[in-house]
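> Since chain A is already given, all that's left is putting chain B on it; use the hints.
Chain order of the listed sequences is A and B. With the working numbering applied, the first sequence covers 1 to 533. With the working numbering applied, the second sequence covers 1001 to 1172.
Rather than coming from a laboratory, the hints here were simulated on the basis of the structure. Ideal Cβ placement from N, Cα and C applies to all residues, glycine included. Keep in mind that the hints are not guaranteed to be accurate.
Stated by the list, open to error - So the derived list for chain B, only partly shown, Cβ under 8 Å to chain A, looks like this:
(1) K1038
(2) G1042
(3) V1086
(4) D1144
(5) D1158
To be verified - Pairs of lysine-lysine, DSSO-like flavour, derived with a Cα cap of 30 Å:
(6) A:K333 <-> B:K1168
(7) B:K1031 <-> B:K1168
(8) B:K1167 <-> B:K1067
(9) A:K288 <-> B:K1124
(10) A:K246 <-> A:K362
(11) A:K265 <-> B:K1067
(12) B:K1124 <-> A:K147
(13) B:K1038 <-> A:K183
(14) A:K435 <-> B:K1043
(15) B:K1085 <-> B:K1055
(16) A:K288 <-> A:K362
(17) B:K1067 <-> A:K452
(18) B:K1055 <-> A:K435
(19) B:K1038 <-> A:K152
(20) B:K1031 <-> A:K66
(21) B:K1084 <-> B:K1038
(22) A:K435 <-> B:K1085
(23) B:K1124 <-> A:K89
(24) B:K1055 <-> A:K147
(25) B:K1055 <-> B:K1067
(26) B:K1038 <-> A:K435
(27) A:K92 <-> B:K1084
(28) B:K1031 <-> A:K481
(29) B:K1124 <-> B:K1084
(30) A:K183 <-> B:K1168
(31) B:K1168 <-> A:K494
(32) A:K92 <-> B:K1124
(33) A:K147 <-> B:K1167
(34) B:K1124 <-> A:K104
(35) B:K1043 <-> A:K104
(36) B:K1084 <-> A:K333
(37) A:K265 <-> B:K1038
(38) A:K89 <-> B:K1084
(39) B:K1043 <-> A:K152
(40) A:K152 <-> B:K1168
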Amino acid sequence: MKKWILVVLIATGTGNMLSAQEIPGKLSGGLESNNQFYVDDKATKAQAPRDKIGTNSYFTLNYTLKNFYAGIQLESYLPVLMGYPEGLKGTKLTHRFAGYRNDKIDITAGHFYEQFGNGLIFRSYEERQLGIDNIMDGVNVRFTPLKSIRFKALYGLQRVLMENGDGIVRGADLELDLLDLLKVRQAWGLTIGGSVVNRYQKYTGPDETFPPEVNAYSARLGLTHAHYNLNIEYVNKSADPTELNKNILKKGSVLYINQTITTNKNLSMDIAFRRVESMDFRTDRTQKDNIAMVNYLPALTKLYTYSLPNIYPYATQTMGEIGGKADIYYHLKRGSALGGHYGTKLSLTASLYRNLDTVRLKSKEGFSAAFWKFGPTELYRDVNVSMERRWSPLVKTIFSYMNLHYNQGYIQGPGFGMVHADIAMADVLLNFNRKHALRVEAQHMWTVDDEKNWAAALLEYSYAPRWSFFASDMFNYQSKKIHYFSFGGACNYKAARVSLSYGRQRAGLLCVGGICRMVPAYSGANLSFTYNF
Amino acid sequence: MGKKTVSVYMMAAALFCCTIAVAQENKSQQKLPNVQVKDLEGKMVSVNTFSNNGKPIIISFWATWCKPCISELESIADDYDNWKKVSGVKLIAVSIDDARTSAGIKSVVSSRGWQYEVYNDYNKDLYRSLGIANVPYTVILNGDGTVAERHAGYNPGDEYHLLEAVKKLAGL
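For reference, chain B alone in the conformation it holds in the complex:
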């Protein structure tokens, strides 16, 4: 690697460290930006209107073509009634499907019988403003709508950790 490469890496690393520091200090005040997503009827909805009466919200970023995303939402669906009962949590599934596959969101959700609130972030405005690079990606909001936890990727069993995190936030 040339000198230039090394210096660029160093700068990138420095930049990265700074932003991690900022992010950590800044965490306490992070709420969702006021961008808009589409509901399944095609109506625009501002994400800062997402609410669950002071209880935690899980936002799960997914896509109809993303297998681990569907696995995650399926395994939560198996136990969702119980989740709601024990923690009062609400899951909002935000799909990043674009024009190619967005027509399939409604049929996937309906055929799988998911009880989630579902939106389409068709221009990836929310996805991008949260700095997300890949799906599946989960964000937990605490009762006042601030971001409490983020989790990239999905391994089978992650749902139990998610429920634990939610219970902790709900003070259970």
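Here chain A stands alone, though its shape is the one from the complex:
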């Protein structure tokens, strides 16, 4: 069957090639292939699997003709790379869809991605680096009768690993731009919206009161102005007993409030608050980790791009957390006394998360939690300041400092404790000329907890527009004394990119965009290829 599909694909591909001049419409797509060759590594105790090669490949093809569109995605895991869900295996046409789109309506049949509001109630999306693809297979309709009225409705099954899952999802969402709708001419914009999502999964157990369906509702409000944005969303979800929550009949909720303030004086800030209670929402109650998720609850903390802060990344506690984040940016203008010839960018970020203040209950609800109260346990806290400045055409620097409290036991599991750390980072970019550039990163972490102090360095040399090479090392020099080194190079040519590297991966939480997965230690070579057209 699989081969048959491929043969058809190739045949159509060849057909297209032969008649490309005649066929109307546009084709676009891409290929991404990540290959890993594993070796045994005594230092990190990483063991190569029996099959020393792993490959994750994705091929997408999209076709559009006027208002009509269609597409496919072929994935192959031969076998899947270490650290990805083991259920990803084999080669399969995982996406196939066709649709029609004009200014008022967009209908997709087959596979589609969609999101309601901030995604707190429903979001289907793909994150290849984490092995997440919870695309829906069904029908999606987006209807926009007027610019200020947007309606979405969908139903379908969700992709769970290589197959469609058992749980059926139905949902609808309505969003109105009130002031536009009432024809009030204003500098402000006011948007209100709401969604409803229903999931049904058959229950075959003995408990007659067990709820096979979950209903979730959300309401949201948005205020926009040239210098101010406010975004509030509240979600309520019915009880969904699972092994993860120890089969309690506890309703769930999320409250999210975000404000963005910008000024003409180069100062801007974002302030976010979020409270999550019992919001693990899946199409399949037997799944765990990042599999079969209906909603999107990323960790709302600063996304660090340096390696040492990423040793201790925060992961959302879907059973209960309360906290927030503030980002403040200030730009010292070009040519000002403090800003220098090129200007200077300053930023301050802080976030804090605690558990909920809960009381254990004997009833089936399991626990109750005070709504506006911070719990007794600190989960995560960070404060970061950074300064970015170009000094001359040759030199640009970023200096950054961070203080971190990380409840490793709570976030990564029993056996760990609380980690208090300070991290300093220096990042220097030297643009020798229009082609040659060298970037140097140096980082140090001070802590007496877990694996104690770390030092890290990175060298990255690039020869524009095609070549770049890097070498990096991370070293816990007071405890295990393991060098987590890595080196490699990449070549970009137009829309193609090939990269080859060799190194050690540390076991731990790997996070992309605030969603995390645990990865085992492995060592070896990696070859990646991407091409888009």
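Relative to the frame of chain A, chain B by itself:
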């Protein structure tokens, strides 16, 4: 590797070759699809309305958490007035930030003083329909809105090549 693996690779390679051929033959007619993105006020905008009065447009895909993307947009920002003057080009910065970080787009853009047109491809509809796998990613549209060049990744200095490519398109 087993026989099956090899045959799958071969098929994938064949498929790939075909599509490259299609893509090359097809290039002349590729325009942006009519998907919608959000502007900074949250309003939906169709990307096929992107225009620059017959002059080239650079579409730069970026994200607030992507360091090389910000480096690229920063280095262009240093010289953007000059770029506009010499080639008439307009840069449209399309962020792929999702709900986690999209609230930060406006403050990053405002605090850095970028003069670009900025949109949020919140559901990655445009990103996906162009087959893009990673940011940073740059697409150059010529005056009539067809895709003239694509470039994956960013190395310091790439901006000069970008400007050269734009000048060539503008007939300079």
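> The structure should be examined with respect to each hint, and the outcome stated for every one.
So, going through the hints one by one against the coordinates:
| no. | hint | result |
| --- | --- | --- |
| 1 | K1038 | violated, 11 Å |
| 2 | G1042 | holds, 6 Å |
| 3 | V1086 | violated, 16 Å |
| 4 | D1144 | violated, 14 Å |
| 5 | D1158 | holds, 5 Å |
| 6 | A:K333 <-> B:K1168 | violated, 33 Å |
| 7 | B:K1031 <-> B:K1168 | holds, 19 Å |
| 8 | B:K1167 <-> B:K1067 | holds, 27 Å |
| 9 | A:K288 <-> B:K1124 | holds, 26 Å |
| 10 | A:K246 <-> A:K362 | holds, 13 Å |
| 11 | A:K265 <-> B:K1067 | holds, 24 Å |
| 12 | B:K1124 <-> A:K147 | holds, 20 Å |
| 13 | B:K1038 <-> A:K183 | holds, 21 Å |
| 14 | A:K435 <-> B:K1043 | violated, 40 Å |
| 15 | B:K1085 <-> B:K1055 | holds, 12 Å |
| 16 | A:K288 <-> A:K362 | holds, 25 Å |
| 17 | B:K1067 <-> A:K452 | holds, 28 Å |
| 18 | B:K1055 <-> A:K435 | holds, 27 Å |
| 19 | B:K1038 <-> A:K152 | holds, 16 Å |
| 20 | B:K1031 <-> A:K66 | holds, 11 Å |
| 21 | B:K1084 <-> B:K1038 | holds, 24 Å |
| 22 | A:K435 <-> B:K1085 | holds, 24 Å |
| 23 | B:K1124 <-> A:K89 | holds, 26 Å |
| 24 | B:K1055 <-> A:K147 | holds, 28 Å |
| 25 | B:K1055 <-> B:K1067 | holds, 29 Å |
| 26 | B:K1038 <-> A:K435 | violated, 35 Å |
| 27 | A:K92 <-> B:K1084 | violated, 47 Å |
| 28 | B:K1031 <-> A:K481 | violated, 54 Å |
| 29 | B:K1124 <-> B:K1084 | holds, 28 Å |
| 30 | A:K183 <-> B:K1168 | violated, 46 Å |
| 31 | B:K1168 <-> A:K494 | holds, 16 Å |
| 32 | A:K92 <-> B:K1124 | holds, 23 Å |
| 33 | A:K147 <-> B:K1167 | violated, 37 Å |
| 34 | B:K1124 <-> A:K104 | holds, 20 Å |
| 35 | B:K1043 <-> A:K104 | holds, 15 Å |
| 36 | B:K1084 <-> A:K333 | holds, 21 Å |
| 37 | A:K265 <-> B:K1038 | holds, 25 Å |
| 38 | A:K89 <-> B:K1084 | violated, 50 Å |
| 39 | B:K1043 <-> A:K152 | holds, 16 Å |
| 40 | A:K152 <-> B:K1168 | violated, 43 Å |
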